[in-house]
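Engineer: Starting from the structure of chain V, add chain H where the hints point.
Given next are the chains, with one letter for each unit.
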Amino acid sequence: AQSVTQLDSQVPVFEEAPVELRCNYSSSVSVYLFWYVQYPNQGLQLLLKYLSGSTLVKGINGFEAEFNKSQTSFHLRKPSVHISDTAEYFCAVSEAYGGSQGNLIFGKGTKLSVKP
Amino acid sequence: SQTIHQWPATLVQPVGSPLSLECTVEGTSNPNLYWYRQAAGRGLQLLFYSVGIGQISSEVPQNLSASRPQDRQFILSSKKLLLSDSGFYLCAWDRGGSNQPQHFGDGTRLSIL
Numbered sequence: 001a002q003s004v005t006q007l008d009s010q011v012p013v014f015e016e017a018p019v020e021l022r023c024n025y026s027s028s029v030s031v032y033l034f035w036y037v038q039y040p041n042q043g044l045q046l047l048l049k050y051l052s053g054s055t056l057v058k059g060i061n062g063f064e065a066e067f068n069k070s071q072t073s074f075h076l077r078k079p080s081v082h083i084s085d086t087a088e089y090f091c092a093v094s095e096a097y098g099g100s101q102g103n104l105i106f107g108k109g110t111k112l113s114v115k116p
Numbered sequence: 001s002q003t004i005h006q007w008p009a010t011l012v013q014p015v016g017s018p019l020s021l022e023c024t025v026e027g028t029s030n031p032n033l034y035w036y037r038q039a040a041g042r043g044l045q046l047l048f049y050s051v052g053i054g055q056i057s058s059e060v061p062q063n064l065s066a067s068r069p070q071d072r073q074f075i076l077s078s079k080k081l082l083l084s085d086s087g088f089y090l091c092a093w094d095r096g097g098s099n100q101p102q103h104f105g106d107g108t109r110l111s112i113l
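For the protein sequence lines, the chains are V and H, in the order given.
Sequential numbering of the first sequence, starting at 1, is according to the working numbering.
Sequential numbering of the second sequence, starting at 1, is according to the working numbering.
Okay, chain V solo, but in the shape it has when bound:
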């Protein structure tokens, strides 16, 4: 069975500083990986996804993530954060078995707090 671990429940950071939100997964087969962002009292919005190809994936709002198969990780990074990046971030994984029903497994989320 697959699982997702987001190691940090909260990450405080100052504005314009770099940030890395960590995500590790466990699966016995190939996976697809996703990062979502959730602003207060809103639904989840897709930031980026890794399906295949280049292991460095660029998403919206200046975020990027790198897939590392040997370390089973998919960490999210941004070189310089803004106050508006304050939100909760979720990593998700699905197994690439070709099923018609998406089986997204979500991590418990990391709350990013950007301070002035």
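Just so you know, these hints were derived from the structure itself, not from any lab.
Where is the CB? At the ideal position from N, CA and C, for every residue including glycine.
Misleading hints may appear alongside valid ones.
Straight-line distance between alpha carbons at most 20 angstroms, and here's what the computed SDA-like set of lysine to any residue pairs gives [what the hints assert, rightly or not]:
no. : chain 1 : residue 1 : chain 2 : residue 2
1   : V       : 49        : H       : 96
2   : V       : 115       : V       : 18
3   : V       : 108       : H       : 40
4   : V       : 49        : H       : 100
5   : V       : 111       : H       : 42
6   : V       : 49        : H       : 95
A short list of chain H residues far from chain V (calculated; beta carbon distances all over 12 angstroms) [what the hints assert, rightly or not]:
no. : residue
7   : 17
8   : 22
9   : 27
10  : 53
11  : 62
12  : 65
13  : 112
14  : 113
Structural biologist: Same frame as chain V, now just chain H:
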């Protein structure tokens, strides 16, 4: 383009009252549909999913139920709410296939008194 609508945005209900939350998707056909609950500090819990009209799979047995009366309509219901049903309920859709991202509605904040 595709859009997903959830309503109501907020709801306050007494214990023991019924519940009906509605979700509709526009701009696509035969989507997979999902209901999640998000409780504080507990991440997203998948409650139900549907791959077609009338086809409902339950992930967590509880006093909630789901129905899909039309291709792009997904309803979450309860006959009698419990205090533990409080939370943020999210509806989502995707095109089918494990490489497809899910797209979420804006959620319903449900408070049980």
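Engineer: Determine for every hint whether it applies to the structure shown.
Structural biologist: A quick look at each hint next to the structure:
1. About 16 angstroms separates the Cα atoms of residue 49(V) and residue 96(H), which keeps this hinted pair within 20 angstroms; it holds.
2. For the proposed pair residue 115(V) and residue 18(V), the alpha carbon gap of about 12 angstroms is at most 20 angstroms, so the pair holds.
3. Simply put, residue 108(V) and residue 40(H) have alpha-carbon atoms about 10 angstroms apart, close enough for the 20 angstroms limit, and the pair holds.
4. Proximity of residue 49(V) to residue 100(H) is assessed by CA-CA distance (about 9 angstroms); at most 20 angstroms being required, the pair is judged to hold.
5. Distance restraint check for residue 111(V) and residue 42(H): the Cα-Cα separation of roughly 13 angstroms lies within the 20 angstroms cut-off, and the hinted pair is therefore satisfied.
6. Only pairs whose Cα atoms come within 20 angstroms are accepted, and residue 49(V) paired with residue 95(H) is accepted, the gap being roughly 15 angstroms.
7. Listed as outside the interface, residue 17(H) is consistent with that label: its C-beta sits roughly 23 angstroms from the nearest C-beta of chain V, beyond the 12 angstroms cut-off.
8. The Cβ of residue 22(H) sits about 15 angstroms from the closest Cβ of chain V, beyond the 12 angstroms cut-off, so the non-interface label holds.
9. The beta carbon of residue 27(H) is kept farther than 12 angstroms from every beta carbon of chain V, the shortest such distance being approximately 16 angstroms.
10. Look at residue 53(H): its CB is around 15 angstroms from the nearest CB on chain V, clear of 12 angstroms, so calling it non-interface holds up.
11. In this structure residue 62(H) is separated from chain V by more than 12 angstroms, as the shortest Cβ-Cβ distance comes to about 19 angstroms.
12. Non-interface status of residue 65(H) relative to chain V is upheld: no Cβ of that chain comes within 12 angstroms, the nearest being about 19 angstroms off.
13. Every beta carbon of chain V lies more than 12 angstroms from that of residue 112(H), the smallest distance being close to 18 angstroms; the non-interface claim holds.
14. The claim that residue 113(H) lies off the interface holds: its Cβ sits roughly 19 angstroms from the closest Cβ of chain V, which is beyond the 12 angstroms cut-off.
Of the numbered hints given earlier, the model fails none.
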